[in-house]
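Q: Start from the sequences, fold in the hints, and give me the full structure.
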Amino acid sequence: MEIRILFIILNIKDIWNNLMDSVLCISIEVLIMKGD
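Mind the numbering: the sequence shown is residues 11 to 46 in my numbering, read in order.
Hints were generated in silico from the structure; no laboratory data involved.
Some hints could be false.
[Unchecked claim] Computed beta-carbon distance windows for the label pairs: (1) 12 x 44: 46 to 52 Å; (2) 12 x 46: 50 to 56 Å; (3) 11 x 35: 34 to 40 Å.
Note that the Cβ used here is the ideal one computed from N, Cα and C, for glycine as well.
A: Structure, rendered in structure tokens:
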């Protein structure tokens with residue numbers, strides 16, 4: 011049971027990090043578009 015919970019937490023962290031990376035990329039693209 012504990013191992014499963016650990017895996018779930020790790021997966022959530024990975025998904026969260028990927029989401030943050032995507033948000034950062036989109037924000038930078040929007041800033042560049044507004045700059046032009």
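Q: Among the hints numbered above, which are violated by the structure, and what are their numbers in rising order?
A: none
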